[in-house]
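Here is what each chain is made of, one letter per residue.
There are 2 protein chains.
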Amino acid sequence: MKISAIIGLLAAVPSALAVWPIPQTFDQGTSNTKAHWVSIHSQGKTSAIVNRAIQRYNTIVNNENFLAPADYDRGTLQTSGTFAGLAVSVDSSDESLGMSTDESYTLDVPVSGQATLKAKTPYGALRGLETFSQLVTANGPTKTIANTPIHIEDAPKYVHRGLLFDTARNFYSVESIFRTLDAMSYNKMNVLHWHVVDSQSWPIESKTYPELQEKGAYSKSMSYSYNDVQRVIAYARDRGIRVIPEFDVPGHTYIVGLAHPELMSCMNKQPNWDKYAAEPPSGQLNIAKPETIEFTNKIVDEYAKLFPDEVFHVGGDEVNRNCWTEDADVQAYLAAHPDESVETLLASWYGKVHDHLEATGKQAYTWEETLFHSEYKPNNQTILQVWMDHTSVDKATAKGYRVVSSAYDSYYLDCGHGAWLSNFDGNSWCDPFKTWMHVYNYDVTANITSPEQLDLILGTEVAAWSEQIDETVIDSRLWPRAAAMAETAWSGKTDSTGHVRTTAEVASRLHEQRFRMVGRGIGAEPMQPLWCARNPGACNLP
Amino acid sequence: MKISAIIGLLAAVPSALAVWPIPQTFDQGTSNTKAHWVSIHSQGKTSAIVNRAIQRYNTIVNNENFLAPADYDRGTLQTSGTFAGLAVSVDSSDESLGMSTDESYTLDVPVSGQATLKAKTPYGALRGLETFSQLVTANGPTKTIANTPIHIEDAPKYVHRGLLFDTARNFYSVESIFRTLDAMSYNKMNVLHWHVVDSQSWPIESKTYPELQEKGAYSKSMSYSYNDVQRVIAYARDRGIRVIPEFDVPGHTYIVGLAHPELMSCMNKQPNWDKYAAEPPSGQLNIAKPETIEFTNKIVDEYAKLFPDEVFHVGGDEVNRNCWTEDADVQAYLAAHPDESVETLLASWYGKVHDHLEATGKQAYTWEETLFHSEYKPNNQTILQVWMDHTSVDKATAKGYRVVSSAYDSYYLDCGHGAWLSNFDGNSWCDPFKTWMHVYNYDVTANITSPEQLDLILGTEVAAWSEQIDETVIDSRLWPRAAAMAETAWSGKTDSTGHVRTTAEVASRLHEQRFRMVGRGIGAEPMQPLWCARNPGACNLP
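Sequence lines, in order, name chains A and B. Residues in the first sequence are numbered from 1 upward in steps of one, following the UniProt record's numbering. Residues in the second sequence are numbered from 1 upward in steps of one, following the UniProt record's numbering.
It should be emphasised that the hints constitute simulated quantities derived from the structure, not laboratory data. Since the model is a prediction, treat every value here as computed from it, not as a measurement. Possibly wrong hints are sitting among the right ones.
Heads up, the list lumps identical chains together, so a pair's fine if it works in one copy or across two of them.
Derived pair list, reagent style DSBU-like, types lysine-lysine, alpha-carbon separation capped at 35 Å [claimed, not checked]:
| no. | residue 1 | residue 2 |
| --- | --- | --- |
| 1 | Lys275 | Lys395 |
| 2 | Lys215 | Lys34 |
| 3 | Lys118 | Lys45 |
| 4 | Lys289 | Lys207 |
| 5 | Lys118 | Lys395 |
| 6 | Lys399 | Lys45 |
| 7 | Lys399 | Lys377 |
Using the sequences and the hints given, assemble the complete structure.
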């Protein structure tokens with residue numbers, strides 16, 4: 001006998017729709033539909049992306065023989081109808097993907113007969129296909145869709161449901177990026193923020209400055225060619241995921257100095273790197289030299305072409321003033337220009353970079369320091385990424401900026417593994433570990449009531465900085481915790497009655513999603529003993 | 001140019017022997033030996049275990065094309081001699097494995113000609129083979145052994161270098177246990193403490209009480225047959241690893257109650273399980289019932305036969321008094337026996353279990369509570385496992401007990417992932433994460449000076465409790481942190497001059513070991529950005 005039945009805590013509650021993230025609205029019946037072989041096909045207008053997704057989900061659903069851990073002893077369900085395929089239709093074949101893309105869909109699964117998935121765009125169809133795939137479960141030797149008829153109307157709460165992926169501290173093969181994009185799609189996430197380069201390595205090919213990769217990649221095999229990047233972008237797009245590149249300037253740029261020392265300040269100061277940088281090796285573009293603007297603009301020109309997304313991230317975080325005040329070039333410049341300072345130089349530098357970026361037709365995406373810790377005032381088309389201080393969401397939207405939150409104390413998934421400097425056995429600055437419950441409980445709208453401000457919140461983004469991560473362990477660092485954010489970003493914090501969902505309520509569904517992901521080849525970490533997954537409610541703190 | 005050369009911190013120090021754990025004594029030369037194809041063979045007396053190990057290492061060494069990260073730019077080394085095979089000989093073919101097994105070996109690699117590995121026992125030969133395998137590195141299209149001639153004399157500091165593996169909270173396939181045993185052997189660890197069963201599941205076959213597994217395993221496929229267990233024991237023995245089983249009584253036994261409710265107290269109290277157990281589900285053997293002694297003794301009889309090791313762990317941790325004081329049976333018993341109490345019952349219960357265990361010829365291994373938190377006084381043949389309080393090492397050895405330390409605040413590798421109860425988003429009781437530096441810095445002999453007490457320290461054991469671990473993530477939870485303990489347990493804390501090794505000094509070698517393990521199929525987590533691994537000393541805190 002199942003413990004949840006004994007303790008009767010959840011047994012009385014009708015089972016929620018077993019979909020992660022939970023759809024905005026849904027109705028369920030009390031029948032079960034037999035689905036021996038699941039056939040998905042397009043109907044009417046379609047698109048190549050939808051057709052490929054149909055092929056993918058036909059494979060996933062028919063190969064999968066999934067049963068939620070809590071259903072381990074449910075036995076064979078009686079079915080009263082037979083599934084006769086899923087017809088997928090879209091209003092428009094337009095495959096453009098961006099911030100204004102409509103991802104809504106409507107899914108109907110009758111007790112018997114053909115199910116229908118309708119969407120305005122190909123990307124809405126992708127979301128509906130993922131939802132559909134999660135409705136199909138094993139049933140003895142065959143499959144079933146339980147609790148039919150089902151009617152779902154769904155659309156995301158936020159347009160930006162992101163993951164920051166850092167390929168500079170440690171390298172990731174294209175295959176591991178593909179696997180991560182697959183996992184994102186299983187959770188309806190739609191932005192890969194690709195933090196491509198940083199002080200430790202420059203893995204990406206540059207046609208403008210080939211020497212950056214030649215001297216800055218960890219090795220030839222630990223590099224991304226143009227073709228690799230295009231494959232990642234295409235793979236992501238096929239899953240409705242935008243790829244926003246980040247080229248972080250003017251800090252975090254030691255690696256540029258291997259090829260261009262003439263552009264740099266404070267290159268690899270040792271052993272006291274901590275006076276010059278947040279982590280070793282130190283090195284920043286020298287903001288007193290106009291050549292660093294020219295360099296940055298050419299980088300922006302090149303990669304703004306390679307990456308089609310309308311948004312482009314130019315970093316701007318963690319600049320260190322000592323790096324410049326102790327630099328002889330900067331000192332000489334300031335001596336010759338007594339009305340200037342490091343602050344005015346930096347503000348002017350940011351302005352030239354942002355102006356040039358916007359002239360390419362892109363919208364600038366930047367870390368919160370650009371606004372809050374410099375004298376530069378970005379224009380209101382700029383998207384700010386909050387990380388240091390979660391109250392910055394309120395402050396920045398109050399000033400009219402669009403905001404994405406990656407508040408480190410909730411969303412930095414790399415944190416909690418202690419410090420990584422070889423001679424120090426203490427914690428890291430961002431310990432402790434962010435549990436899935438902690439991720440889930442974050443509310444990006446906390447303390448914000450103005451509708452205008454709320455409208456400026458584009459969404460949220462978990463970060464996986466890679467000082468202590470590489471492709472060996474990326475799956476378990478991301479999943480299922482990134483999925484916890486994904487539900488709050490897709491479904492919002494509340495259900496249709498305004499009730500704020502609690503981790504106790506959703507734990508069982510997240511267990512299910514975690515096991516589903518493992519079955520699909522994603523090495524997501526276990527949340528609890530299997531006993532707890534099988535006995536919902538029995539592993540709560542009283 | 002390599003940064004370590006620029007900063008000159010470590011460049012002046014002759015490179016340590018690139019072996020993990022570091023041998024007790026070694027001499028190196030300045031030549032390099034070419035080793036195109038590595039042939040290992042036995043000479044004179046041998047054993048089946050040694051022969052299988054030779055076969056294994058022939059494969060490992062010849063398949064491996066390993067270069068330490070810090071050597072990434074070393075170019076092709078000039079060689080001045082040619083390797084002509086490794087001859088392995090043992091003084092004795094006796095394959096018995098236990099606490100008194102001699103694991104010492106002597107390894108000589110000349111500049112040119114045949115290398116020799118000599119050991120007293122087959123298990124010493126295994127250790128020497130692992131050391132030898134780590135000396136061979138890639139060199140352009142061929143291989144080399146650098147810094148020859150090499151003379152190594154080596155033996156372990158401690159006889160117990162263990163890993164606690166918990167197959168009850170979550171299940172592990174036999175293959176994942178094999179992989180873990182491989183990894184242990186790469187680090188010269190020699191004890192798998194198999195925490196087989198616990199409240200959440202009973203995966204192991206019982207011929208005495210088949211119903212335990214039938215009702216207590218998570219599923220048929222999540223079970224260990226006798227044959228599975230024998231395969232694990234044989235696989236471990238082939239790598240010089242003893243398997244000590246733990247059947248934890250009288251606490252942590254909810255799962256027994258599924259088959260035998262008549263033996264139990266406080267079965268799965270909900271929702272206030274925390275009054276009765278350290279974690280859900282609650283349930284303890286009822287110590288007022290002689291049937292629970294009989295049950296335990298039969299379990300001991302059965303598994304003392306199945307597991308050949310001379311040591312047998314009978315748990316004894318975290319018993320909860322409320323579980324019994326609120327039990328009607330216990331209350332009735334105590335009412336009828338006014339001179340007894342829960343404490344006298346428990347002491348008597350422990351005594352009967354330990355006496356019976358010792359009558360089977362085994363030595364009892366038990367958690368520290370048996371001595372420190374009960375009125376029972378184990379005899380001095382008992383081995384105490386310390387976990388709650390690291391000062392217990394001193395206290396227990398002062399009383400004449402042999403001790404293994406698994407001090408939770410250094411060695412619980414599961415800790416640091418936050419709490420796992422579904423409705424609580426805080427830390428776990430044993431956060432933060434234990435970094436490899438923290439593991440390495442633990443000194444089991446701290447504050448102990450008496451030679452008699454020091455002699456009673458058998459060694460150390462890291463623990464991987466599996467509430468938040470299963471086979472999806474076990475590799476990265478264990479490695480390279482367990483390797484950090486392994487070096488301190490094999491090599492000791494100090495070098496031959498008495499200098500206490502620091503994490504800054506050993507980091508580069510551990511990076512090397514981590515990458516070697518990844519190459520051998522162990523998903524060990526990265527310690528730092530690859531840039532740091534390549535630039536020893538450049539990622540220290542100033």
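Enumerated hints in conflict with the structure, sorted upward: Going through the list in order, the structure violates hints 5 and 6 and respects the others.
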